[in-house]
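Going line by line, the protein sequences match chains A, C and L. Numbering follows the numbering used here, in which position 40 of the first sequence is assigned residue number 40; successive positions increment by one, without gaps. Heads up: take any position in the second sequence, counting from 1, add 197, and you land on the numbering used here. Heads up: take any position in the third sequence, counting from 1, add 1046, and you land on the numbering used here.
No lab work stands behind these hints, which were simulated from the structure alone. These numbers were taken from a predicted model, which means no experiment stands behind them. C-beta: ideal position from N, C-alpha, C; glycine also. Hints may be right or wrong, so weigh each one.
As the list claims (entries may be wrong) - Calculated Cβ distances over 12 Å to all of chain L for the following chain C residues:
| no. | residue |
| --- | --- |
| 1 | D300 |
| 2 | R388 |
| 3 | L604 |
| 4 | D785 |
Said to hold, decoys possible - With a cut-off of at most 30 Å between alpha-carbon atoms, the simulated DSSO-like pairs for lysine-lysine come out as follows:
| no. | chain 1 | residue 1 | chain 2 | residue 2 |
| --- | --- | --- | --- | --- |
| 5 | C | K726 | C | K669 |
| 6 | C | K717 | C | K509 |
| 7 | C | K695 | A | K72 |
| 8 | L | K1067 | C | K319 |
Unchecked claim - Stretches of chain C that chain A covers, calculated by requiring three or more beta carbons in the stretch to come under 8 Å of a beta carbon on chain A:
| no. | segment |
| --- | --- |
| 9 | 463-472 |
| 10 | 479-488 |
| 11 | 638-651 |
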Amino acid sequence: MKKLRQTLSETVSGFLNDWSLPRQMAGLDPLSKAAESMTSRTLRPRLEQADTVGTSICPFCAVGCGQLVYAKNGRPIHIEGDPRSPVNQGTLCPKGASTLGVLLSPQRINTVLYRAPHASDWEEKPLDWAMERIAHLTKQVRDDSFVETLPDGRVVNHTIGMGSLGGATLDNEENYLIKKLFGGGLGMVNIENQARI
Amino acid sequence: MALWDLENADCIVVMGSNMAENHPVGFRFVVEAQRRGATVIHVDPRFTRTSALANIHAPIRSGTDIAFLGGIIHHILENDLWFRDFVLAYTNIANIIENGYQDPEETGGVFSGFNADTGSYKQDTWQYKGKIVPSSISEHRVPTRDKAKGGDFEAMTEGPPPTDPTLQNPNCVYQIMRRHYARYTPEMVERVTGCSRDTFLAVANALTRNAGRERTGAFCYAVGWTHHTVGVQIIRAAAIIQGLLGNIGRPGGGILALRGHASIQGSTDIPTLYNMLPTYLPQPNVFNEHGTLQSYLDSETPTTGWWANMPKYVVSLLKAWYGESARRDNEWGYQFIPKLTGDASQLPMTLSMLDGVMKGQFILGQNPVVGAVNSDLVERGMAKLDWLVVRDFAMTETANFWQKGRLVQRGELRPDDIGTEVFFLPSSLAGEKEGTVTNTSRLVQWHDAVLEPPGDSRSDLWFIYHLGKRLKQLYADSSEPRDAGIQALTWTYPERGKRAEPDAEAVLREINGYTVADRKQIPSYLQLKDDGSTACGGWMYCGVYPADGRNLARSRIPDATGGPGSHAGWAFSWPSNRRTLYNRASADLDGKPWSERKKMVWWDEAAGSWTGNDVPDFVASKRPDYRPDWPTHPHGMDALGGDDPFIMEADGKCQLFVPSGLKDGPLPTHYEPVESPVRNAMYDQQFNPAAKLWTRPGNELHAPEDPRFPYVFTTYRLTELHCGGVISRVTPHTAELQPEAFVEISPELARELGIRHLGWTVLSTLRGDIEARAMVTERMRPFRIGDRTVHQVGMPWVFGWEGYTSGDIANVLLAITGDANTSIHSTKAVTCALRPGRLAGPGGATHAA
Amino acid sequence: MLLDTQANDALAAVDRALAEKPHKEGHTFSAAAQSLCVVRDSLSAREKDDPLRRHWLGHINAVISVILAGHFPLGSVPWDEIAKARDWLADFAAAVSATPDRKG
Chain A
1 MKKLRQTLSE TVSGFLNDWS LPRQMAGLDP LSKAAESMTS RTLRPRLEQA DTVGTSICPF
61 CAVGCGQLVY AKNGRPIHIE GDPRSPVNQG TLCPKGASTL GVLLSPQRIN TVLYRAPHAS
121 DWEEKPLDWA MERIAHLTKQ VRDDSFVETL PDGRVVNHTI GMGSLGGATL DNEENYLIKK
181 LFGGGLGMVN IENQARI
Chain C
198 MALWDLENAD CIVVMGSNMA ENHPVGFRFV VEAQRRGATV IHVDPRFTRT SALANIHAPI
258 RSGTDIAFLG GIIHHILEND LWFRDFVLAY TNIANIIENG YQDPEETGGV FSGFNADTGS
318 YKQDTWQYKG KIVPSSISEH RVPTRDKAKG GDFEAMTEGP PPTDPTLQNP NCVYQIMRRH
378 YARYTPEMVE RVTGCSRDTF LAVANALTRN AGRERTGAFC YAVGWTHHTV GVQIIRAAAI
438 IQGLLGNIGR PGGGILALRG HASIQGSTDI PTLYNMLPTY LPQPNVFNEH GTLQSYLDSE
498 TPTTGWWANM PKYVVSLLKA WYGESARRDN EWGYQFIPKL TGDASQLPMT LSMLDGVMKG
558 QFILGQNPVV GAVNSDLVER GMAKLDWLVV RDFAMTETAN FWQKGRLVQR GELRPDDIGT
618 EVFFLPSSLA GEKEGTVTNT SRLVQWHDAV LEPPGDSRSD LWFIYHLGKR LKQLYADSSE
678 PRDAGIQALT WTYPERGKRA EPDAEAVLRE INGYTVADRK QIPSYLQLKD DGSTACGGWM
738 YCGVYPADGR NLARSRIPDA TGGPGSHAGW AFSWPSNRRT LYNRASADLD GKPWSERKKM
798 VWWDEAAGSW TGNDVPDFVA SKRPDYRPDW PTHPHGMDAL GGDDPFIMEA DGKCQLFVPS
858 GLKDGPLPTH YEPVESPVRN AMYDQQFNPA AKLWTRPGNE LHAPEDPRFP YVFTTYRLTE
918 LHCGGVISRV TPHTAELQPE AFVEISPELA RELGIRHLGW TVLSTLRGDI EARAMVTERM
978 RPFRIGDRTV HQVGMPWVFG WEGYTSGDIA NVLLAITGDA NTSIHSTKAV TCALRPGRLA
1038 GPGGATHAA
Chain L
1047 MLLDTQANDA LAAVDRALAE KPHKEGHTFS AAAQSLCVVR DSLSAREKDD PLRRHWLGHI
1107 NAVISVILAG HFPLGSVPWD EIAKARDWLA DFAAAVSATP DRKG
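With the rest of the complex left out, here is chain A:
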């Protein structure tokens, strides 16, 4: 009991010593030492924990705000506007400011899901299996739907048996390879993205 009382009195006096208000009332600058507490004395900026920082571009609209991505062990710990960018000068809108939340969304899916024809549920599948199956299905539809020439000899070299939708949320390099493989390689013409929406 005595010990408890002693601990309590130490806590109280510790608190009084630590409390910033008396120091500020005594006229010390409220933004510097006078504002310090036991807790804040040990606080360090979260960004100091980052082992990597990289430049990114906001993934939402086409304004193209610069972002700085701070990472620790390959995991994001903070994302903020890039103050150097003449586009946004460090600012971000509510969506851009939520980019860390996008990366860390609890609803993010990290495995391949597969729905067999007529099935009522998803099942998890290995990525490699899915890639192989998709490649075979792609080849099958292409081979069944390909038009080399019209019967009068005019060259067509296309398939309208399959299509691809998407690209405005992807990188230029990704779009380039999509058009190159699907169009230039497989002969697909139904290649479209949000730009026409």
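Here the structure of chain A is known, so what remains is to put chains C and L in place on it, guided by the hints.
Frame of chain A, contents of chains C and L only:
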């Protein structure tokens, strides 16, 4: 124009966009311009935060933009408010058009060349007199077929098109425009748009007051302009205003398209689009003269202007794609490129799925069940596919339509009935992958990979590269001619790390281009050749990676305070790191800036070259007084004078009147939306006669003035929720800020129908019914159109059933219809029915309001 | 259903389109595309190693690609091309009917 160049504008019109809410950070340049004294105008059916910050809010009924903009053109022409020196020299205002040209004024609302049986136009009466003017995109073009090739018209290489600089000839563009816009009076604007005459004139006066040598104005638009059957023509109307006011190629002047996705500009330039090859080269078409590379180039290459260089870009692209298999003796692999037979855009794709033509579909970071019009039809189409591959980072409505879709919820289909094999492949996000995105100002910016993608998440680069590797392997042993293209395709990119991630920089280097012999990066598209010695995946991006180790998309050097303000050291903007297109127009005919205040580039006589605060968009050494030497039949840029700034056009002029390139008329004309509660007050022709329509079961349209669907319905998105993507609905921070779908209704209409604020409502069209809570707000105002009141309601289209925030899909209500030129769908002005209450069935009670 | 019946159904649908020349209306071409796809799917479901069947599949796919240009035209409907495709389809129907096994 560059986003930051908006600061230099003296007047900004935001129209077809809610910029403050949907491009908030871009809007700071509008606010800055206003702080410096600019007048900011918002023309929009709704009062939004953009309106709140504007000096003038001009409300117009959805779908009447051309009536409003045409009114401004009328105001400029009739009051002689155009920038005479600029317009006479740099536009086609003095050009004389074919005698056979007839205006909608004369024909009850259509142009000459219209064929009522096919609902399409022939463009021959729209040409410059005696000439044929080629355009540059395959789908829209008039081929280059002149007298020398057996055509009836004189080529552009034979002399300048006929003009009348006195503007007296009744068939010159000036006189045609005056007649065409004669009826677009302030009174007519008020009657059609519902915007008061006084407010309209305040807008017109603000624009014209801020034009000329010393002042400039800008337009900002978004999908509020494009999502109509006359979308291209709305933008054209703004282009005419900007041409007449001298607001193109100058500081603070221009038309800024506010695009909605991080690389939607990039995916247009390096297109995942059906009608183009990278950087605006036309996709060949079976029915055109495209049977051989030579005939394709002959018919598609304009003989004059910059596009005369097209063969260099085509052959360099073929070399990039087919490498050693692209040889002179096989037309550089031209036949490997698939040819079109028809429109293969998204709307036809949906119908193709329904008809069983399409068997497989890749969905890469898109969510058509939410984002495409006529959502139920999209579901029905996907239910007929053999297989569907969806790549996204969280579950989307598109990926699980077979389990939770509207058809299943309503009991029309059971999962067991749906044979579609569905793959969901998790994708990595920006921060976890590297590459470039192109922003709305053509700024190509690199982003780094700093994070580990979780689990099996992969970049789309990884997916497409490894799928390509597998397919190349599957086809490796084939001896079929049809498989030669996939066998020839160059597909060697360095792989990195334990995931074998392909090197995005290597892809960017290929897009930039290199010499074939020694594989050196090419610094500029000026060095591209049509002899197979250069390879280039996208000529307009040439210069982004000009030398080994120099990735200019990575450059991060902004201008210091007091610098030129073009930020030339910040990333790379195509073409040639140029920030303002057609900037030759910022100088007068002699090459001097129109004014000190509005200087951008100018002719330096001592140096013998163009110079200034931006990379000049002109042949660097071409003197302002250069004139084509017509007796020599000049080609390409030699056929353009030193005072012809619009170098991508065949005559170097800003096209107030468009002879070639548009499918629905050379001048913007007001037509009502396909679905409208009123008759067209201007012409007998009710809606765009060239609009793309597909009426069929499940896609029925409402007739004009259909009493069952009396209200104008429009859609939009929200600051906190981004497009159809689940991206912001699965993010707790943003989802919490917009917890539920709603429909905005004016207090007047709410009273009329007995709808309470936050009460349930049902919205219906012939395509479907949805329910949403009512947001009764004065942001929506009834319009007085003629002698009647027209109510408008609006709804965010960003909701679906996935994520932390959900609601009915607004796109269920919309029909598949397309812009005549682009096939872009119409979402901004349709008609609907509205009642208080709920839908019957799961999730809805039948009566409780 | 026998392949020649399917082919003749498709031919009738294409003939209907040519007779009616529908204008921005999806029913007629939709019906033609659907019936052509029935033929295509019949052909692709069977043994594809047979050179004749493979040839027919390519032929029918070519017809589909041209008919789709009527449904989704770039500009005006190329009626002359649709008419050619109709004749190619008629050739096919005749060829199927002439084979002993009309399953194709």
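Taking the hints in turn, this is what the structure says about them:
Residue placement check: D300 of chain C keeps its beta carbon more than 12 Å from all beta carbons of chain L (closest about 21 Å). The claim that R388 of chain C is not at the interface with chain L holds, since no C-beta of that chain comes within 12 Å of its own (minimum 29 Å). Listed as a non-interface residue, L604 of chain C keeps its Cβ farther than 12 Å from every Cβ of chain L; the least gap is roughly 19 Å. Distance to chain L confirms D785 of chain C as a non-interface residue, since its nearest Cβ pair spans about 40 Å, more than 12 Å.
Only pairs whose Cα atoms come within 30 Å are accepted, and K726 of chain C paired with K669 of chain C is accepted, the gap being roughly 29 Å. Straight-line distance between C-alpha atoms of K717 of chain C and K509 of chain C comes to about 17 Å, which keeps the hinted pair within the 30 Å bound. Straight-line distance between C-alpha atoms of K695 of chain C and K72 of chain A comes to about 19 Å, which keeps the hinted pair within the 30 Å bound. Only pairs whose Cα atoms come within 30 Å are accepted, and K1067 of chain L paired with K319 of chain C is accepted, the gap being roughly 19 Å.
Requiring three or more residues with a Cβ within less than 8 Å of a Cβ of chain A, the coverage given for the segment 463-472 of chain C holds, as 9 such residues are present. Coverage of a stretch by a chain is defined here by at least three residues with a beta carbon nearer than 8 Å to that chain's beta carbons; for the segment 479-488 of chain C and chain A the count is 3, and the condition holds. As drawn, the segment 638-651 of chain C meets chain A at 12 residues by the rule of a beta-carbon pair under 8 Å; at three or more, the given contact holds.
Hint compliance for this structure: every hint is met.
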